[in-house]
Amino acid sequence: MNLTGQALKAEWTKYRTVAGPSWLLAGVVALTVAIGVAEASVTHCLSAACGIDPATVSFTGIYPGQAVAAVAGVLAIGNEYSTGMIKLSLTAMPQRLTWFLAKATVLTAPVLTASALAVAGAALAGRLILPGHGFTAAHGYASLTSATDVRAAAGAVLYLALIALLSLGLAAAARDPAAAIGLVLGLLYLFPLAAAVISNPALARHLDQIGPLPAGLDAQATIGVKGLPLAPWQGLGVTAAWTAGALLLGALALTLRDA
Amino acid sequence: MSAGTVTPDRSRLAPERESFWPLVHAEWTKFRTVRGWVIAVGVAIAAITVGAFLGTDVSGGCAGGHAASGAASAAACPAQPTGPGGEPVQDVFYFAHQPVTGNGTITVQMTSLTGQFIVGTSNGGWRAAPGGLQPWSKAGIIIKQNTSQGSAYAAMIVTGSNGVRMQWDYVNDTPGLAGRVSASAPRWLRLVRHGATITGYDSADGTHWTPVGTATLPGLTSTVQAGLFAAGTSIESYPADLRGAGVPDNFGAQATGVFRHIRLSWPATGWTGTNIGGAGPNENGAPLPGTLRRGAGTLTVAGDGDISPAAGNAYSGNGHSLQRALAGTFVGLIPLIVVAAMFITAEYRRGLIRVSLTAAPRRGRLLAAKAVVIGAVGFVAGLAAAALALAAGTPLLRRAGGLAWPVSLLTEARMAAGTGALLAVAAVLALAIGTIVRRSALAVAVVIVVVVVPYLLAFGPLPGSQPQGSGPGGGGGWPLQITPAAAMSLQQAVPQFHQLIAVYPLQAGYYPLAPWAGLAVECAWAAAALALAYYLLRRRDA
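In order, the protein sequences belong to chains A and B.
Just so we're aligned, residue 74 is where the first sequence starts under the numbering used here, counting upward by one.
Just so we're aligned, residue 572 is where the second sequence starts under the numbering used here, counting upward by one.
No lab work stands behind these hints: they were computed from the structure.
Glycine is no exception: its CB is placed at the ideal position from the N, C-alpha and C atoms.
Honestly, I wouldn't trust all of these hints.
From the derived model, a few chain B residues whose C-beta atoms are all more than 10 Å from chain A [claimed, not checked]:
(1) P593
(2) N674
(3) S683
(4) L863
(5) T869
(6) P906
(7) A912
(8) T916
(9) V1015
(10) L1027
Here are some of the chain A residues that sit facing chain B, going by a computed Cβ distance under 7 Å [what the hints assert, rightly or not]:
(11) P137
(12) A182
(13) P183
(14) A211
(15) I254
(16) L260
Chain A extracted, bound-state conformation (with noise of 0.2 Å):
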């Protein structure tokens, strides 16, 4: 087995053998389901000009899931550092970047399976839920499993993962999990929240096209999306630069830095 293979290996058996990851994967699929269900079930369109976009309904959950999706990436590396482990770690595996990368691959896998679980079963609901609410054929939902829903849930698990690997990024870059979580959490929520407090347009649009979340929510919706401040695919692009960033800041930190 080469370098890399045994990295992988040794980092998957640290995953699974501590409880902490599954809870914090079943709790992004449970928020995820239960708050997308919450929404779905208060709202109601009314008229063929409701406006109201399904798919974001059903996905309300993705707001608070993804802070869970940020805990695992967080500690997933955040943990080494808290616990003193990073040393070991590093002694065993000198090779710094290919431990991170092995770090980040072992991440990804769970996580995007959490993720695919999630945005199934809440995109399950919202399909159970919404046509007894109104979003019918006569007003303008003929189905809720065309190919745009398809990219939509797509760009939603994808959405996760991506959420994720910048959480591990930052967390190896700030090394302090409160610390990290704290970045990943204000970096993902106020670019919304100004955008929302603010009424100068230009600006908010601005905002919700380089913010990771808004910009990577865009590839969620199913109507409107021309008038959309990115297409689907560049807002999940963004998020992508944005993950990009936090891990090449978080392999820069490891290499240049001591543990």
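Using the hints, position chain B against chain A.
Only chain B this time, still in chain A's reference frame:
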């Protein structure tokens, strides 16, 4: 071994260690000597202060009561008349009046109040539709300074379903006789002017009179206008079958009142009909002109519009809520939450908790001391930052188009102290959650999710979450009713009125809960978390 149970020897605490305040002092020393925490609190204060500059950037054209989102339109805001107290008002109605001088009395009997919808048609005109009697449709008698919008007045009013009311100077409302008016249950109304004081009376039979209220209208001139009026008022529910395609969104209601036994103690000079605020398709006032019809012993008055404070979506001026100055609150909350959670989780991480608990074996007291310190830090930081933000934001907002409503000193004090309380309770919540989960990252994430995300959801494109219902505290808006973010209502700068049915949108600074109710919700969360933290801290090994 059932016999010989011995009570174990327990040492007593030294008397000086029984005291609570040395513990608070110790925790304060711990807090202030960690440089990163002090810097983070400084960042929180700076973020809230700087937020005043971002929040008051209202250069997106006329926003008024509705934040211009997406579609940028720099249309000029229609002028909003202001009442005697400087507050924005709606003053559009049909007024059958005559000038009267000096003290005197006007008395009428009302036998009917009906209503109809006024529906905009696709060609720009209007048509009437039945069924438009609204809860606050009003007709009655009024004494008004003059016929210009916003002038002082006092009125005795029969309403659609809120009984007889006395209202004056737009914001004041007092109930009189309950029940609907009809030919078999007529309502007698009377206004008595004495100098600057006007007293309203009502009666069911015209002989037994009950005083309803007394209005003092400072500066009322000797000659005023007295007479009959009708106003259709704002719409509570608009029938779906009238909302057909091609019908513009503008609509209204017209109220028609029937008056008998009209007696004025002043010399009569004949009635003049005036549409206060103008009327017609091209006016800003009522869509349809009002009417005055004379019958056998009756006068029938019909009119649209409303006499009310211009709150919620009834406000169309270019002013903004003072709360915009506090837009940075959430930016400040995040570092404070991180510090508050770390105040306990750092003890677990470093093992310091064992030393702390050795020094303070009463574990509940340690938790209480930490809560006192971090709560005080949060309160002082929030209060100072909000005071700075309000001081910086007020002149900026005045330059950008003014305030939507005059804000009293008491309200400003509530906004500043409320921001302090909001931060203090959030910090205590973070401390409690940190004690429960003992992991900083998880604690910080949980608190941010319950405090910050609900506000985001309420603002977001999610109709189920938005406080949209009509009337104060209307339906919907669950994120701002059941989560700690409900305490954001402490920052509400614009008032709501029970006598005005309107949409009170979050974007214009309205919250579904009253300020103290919102704080109570946040405190309930913190208290529940503290109780669980206390239980676990005592039960668990450190």
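Quick rundown of the hints versus the structure:
Against chain A, the non-interface label of P593 (chain B) holds: every CB pair exceeds 10 Å, the least being about 28 Å. A cut-off of 10 Å between C-beta atoms confirms that N674 (chain B) is not in contact with chain A; the least separation is 49 Å. The Cβ of S683 (chain B) sits about 34 Å from the closest Cβ of chain A, beyond the 10 Å cut-off, so the non-interface label holds. The claim that L863 (chain B) lies off the interface holds: its Cβ sits roughly 38 Å from the closest Cβ of chain A, which is beyond the 10 Å cut-off.
At roughly 41 Å from the closest C-beta of chain A, the C-beta of T869 (chain B) stays outside 10 Å, upholding its exclusion from the interface. At the 10 Å boundary, the C-beta of P906 (chain B) falls inside the reach of chain A, the nearest C-beta of that chain being 6 Å off. Distance check on A912 (chain B): its Cβ comes as close as 6 Å (rounded) to a Cβ of chain A, failing to clear the 10 Å threshold; non-interface status is violated. For T916 (chain B), the requirement that its beta carbon stay farther than 10 Å from each beta carbon of chain A is not met, with the minimum near 7 Å.
Against chain A, the non-interface label of V1015 (chain B) is violated: not every CB pair exceeds 10 Å, the least being about 5 Å. A cut-off of 10 Å between C-beta atoms contradicts the statement that L1027 (chain B) is not in contact with chain A; the least separation is 6 Å. Checking P137 (chain A) against chain B by beta carbon gives a least distance of about 5 Å; that is within 7 Å, so the hint holds. At its closest, the beta carbon of A182 (chain A) sits 21 Å from a beta carbon of chain B; the interface hint therefore is violated under the 7 Å criterion.
Given the 7 Å rule on beta carbons, the hint for P183 (chain A) is violated: about 17 Å separates it from the nearest Cβ of chain B. At its closest, the beta carbon of A211 (chain A) sits 13 Å from a beta carbon of chain B; the interface hint therefore is violated under the 7 Å criterion. About 4 Å separates the beta-carbon of I254 (chain A) from the nearest beta-carbon of chain B, less than 7 Å, and the hint is met. Interface restraint check for L260 (chain A): the shortest CB-CB distance to chain B comes to about 10 Å, outside 7 Å, so the restraint is violated.
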